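So the chains spell out like this:
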Amino acid sequence: MDLDHKGLNGQIINDQIMNKNITDRFQWKDRLLGLILPVALLFAWQGLVNLKLYSDLILVPPLKVVGTLVYLAGTGELTTHILISLQRVLTGFLIGASSGFLLGLLMGLSATINRSLGPFIKALKQVPEFAWMPMIILVFGMDELAKDVFIAIGAFYPMVFNTYQGVSGVPHKYQELARVFDFKNIRFLQKVVLPSALPSILTGLRLSIGLSWMFVVGAELFGTESGIGYMMYSGREMFQIDVVIAGLVVIGAIGFIMNALLKVVENRVLVWNVSVEGGQG
Amino acid sequence: MSKLKGVIEIRNLSKSFVVDNDPLQILKNINVTFSSGEFVSIIGSSGCGKTTLLRIMLGLESDYEGEALLDGEPIVGPGLNRGIVFQDHRLLPWLTVTENIAFGLDKLDRKEKKHVVSEHIKLVGLNGFEHAYPSQLSGGMAQRVAIARALANRPEILLLDEPLGALDALTRIHMQKELERIWQLEKITMIMVTHDVDEAIYLSDKVVIMSSRPGVINKIIDIPFSRPRDRASSEFIHIKAQILKEFHLGTEYPFAYAI
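First to last, the sequence lines map onto chains A and B.
Going by this note's numbering, the first sequence opens with residue 1, and the numbers climb by one from there.
Going by this note's numbering, the second sequence opens with residue 1, and the numbers climb by one from there.
It is worth saying that the hints were derived from the structure and are not from the lab.
Given the structure is predicted, the values throughout are model-derived calculations rather than measurements.
Note that beta-carbon positions come from the ideal geometry of N, C-alpha and C, so glycine has one too.
Hints are supplied without guarantee of correctness; some may be wrong.
To be verified - Lysine to aspartate or glutamate pairs mimicking EDC-like chemistry, simulated, CA-CA at most 16 Å apart:
#1 A/K173 x B/E61
#2 B/K206 x B/E180
#3 B/K107 x A/D182
What the hints assert, rightly or not - Residues from chain A that face chain B, not an exhaustive set, calculated with beta carbons under 8 Å:
#4 K173
#5 Y174
#6 E176
#7 L177
#8 R179
#9 V180
#10 F181
#11 D182
#12 W272
#13 N273
To be verified - Cβ-Cβ distance ranges computed for the label pairs, FRET-style:
#14 B/S212 x A/R187: 30 to 40 Å
#15 B/N218 x A/S116: 48 to 58 Å
#16 A/S110 x B/H238: 53 to 63 Å
All chains, full assembly: derive it from the sequences and hints.
In C-alpha cells, the structure reads:
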C-alpha cells in the first residue's frame, strides 16, 4: 500500500516531538532568565542591610525572614494558617466557579438567556471586588460565610465569561457534524460542546482559582484570627516586619505553584490542542 | 422481493435563498436519479448549487419545492443511512483517529465498536495511526479518517462534497484510486461533488453536469468504460472533451492531441 505516505507522516510526528524538545530547552533558559531579577533584588536587599542605614526592625535582613519562616513552620503555626486559607479558597472557589460555569453554560447555549443576563453580569463586573466588602459585612456579618462569598464573587467572573466564550464559540462546522450524526441535547453537549469549549473553560478555571487565592488575603482582613492574611495583619500590628514579608513570600510561592500545577494539568488534558503547545503563556 | 437500497430520486426540485430581501434561485427544476451502488459525480462551476443539492440529499437543507426521495421515502433531516465527507475533513481535534471513527457508533457495545473501528482503519489503510490526533496527520490521511468515519455507520449512501479539493495534485490522484477501491469493496451508492473533470471521469458511472444562475442540470453523461481507467486513453480524452465543451472550454480539434 502507500508506504511513502506513512513514511512522510511518521516524519511529521517525529518533527513535532523534536520541536517539543527544542521548546522545552528554551523554556529552561527562560526560567533561568526569570531568576535574575529576584536574585538581584535579594542581593540589593542584603547590601542595603549591610550599609546599616536603618534599624534591623525596619529593614529586616533576608536571613531573618528565612529564620522566621523556618520558626513559623516549625511551630506548625504557618501550616495551620496556610491550611485554613486554602480551605477558604477552596470553598469560595467551588461556590463561585461552579455557579459561574453553570451560568456561562446556559448563556452559551441559549441566546435568550445570554441577552437577558449578559449585560447585567457585565455591569456587575465593573464593581471593584473590594467595593463589595461593606455590603457583604452588612448582609452576612463577619463569619466564615462572608469570606466565602467574598472569594466566590472573585472566582465567579473569569469562569462565567470564559465558559460562555467557549460554549458559544463551538464552530458551526462541528454543530453541523453533530446534526449529521443525529446528536441531540445531552449527547451533543457531552460529545461536541464541552470538549470544544474545554480550553476556554480550563483557562477560566485557572484564572478563577488564582483570583480566589488573591482575595482570600482580603477576606482575612476582617473578623478572623486565622489564615495567612490574618498572620500578616497581626504581624503588622505588632510591628513584626519579618512576619509580614514571610507572609508575602508564602502567598507568592503558593500562587505560583497553583498556577504552574494547573498549567501542567491543562497541557496534559489538551494534548490535542496545538495552540496550547505553542504556549499562550 | 427486497427493494434495492441507496436509491435517491430528485423530482422537479427547485430551491431559492433570500439574499438582501430578494429571492435568489439556486436550483431550478432538477430531475435526476442515483441508482443503487452507482458512483455519480456532480460537476459544475462555483455557485451552480451542486453543494446545495448534496446538502438536500443529506437532509441539512429543507424548504424546497419538488421531491427528494431516499428509497422511495421523502428525506426528512439527516440520518445515519447517509454518510458525508466534507471538503475540510471536519475531524474533531480532541479525538484520536480511533475515537473519531467511533464518533457515531454510540449504539454499539464496546466489542462491536472496536471491531468496526479496526475494520475501517484497515479499509482506509491507516494502521499504525490509531492513536494520532488530527493535528498530527497530513491532509490526505485526515481525509481517509473522515471517509472511515462516514462509512463506519454502514450508510446506504456516501455523499462526498469535494472530498479531495484541499489536497495536492499527487495525493489527490492517489486518493482517487483509494476511493475507487473503497467503493468497489463497500458496493454502496456514492455521490460526489467535484470541480475536477478528470476526477469525475476517472471515478464515475455517470457525470451530472450543472450550470449556474439558476442551477440547472445541463446534461447527464454515462461513462461505461471498464476500470481501472487510463487517463491517457483516447476514450477518456474524448469524454473529457465532450464535458469541457459543456463549459465552453472545449478545443476545436480535440483529437489532434489525442492520437
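For this session: Against the earlier hints, flag every one the structure doesn't satisfy and list their numbers going up.
Result: none
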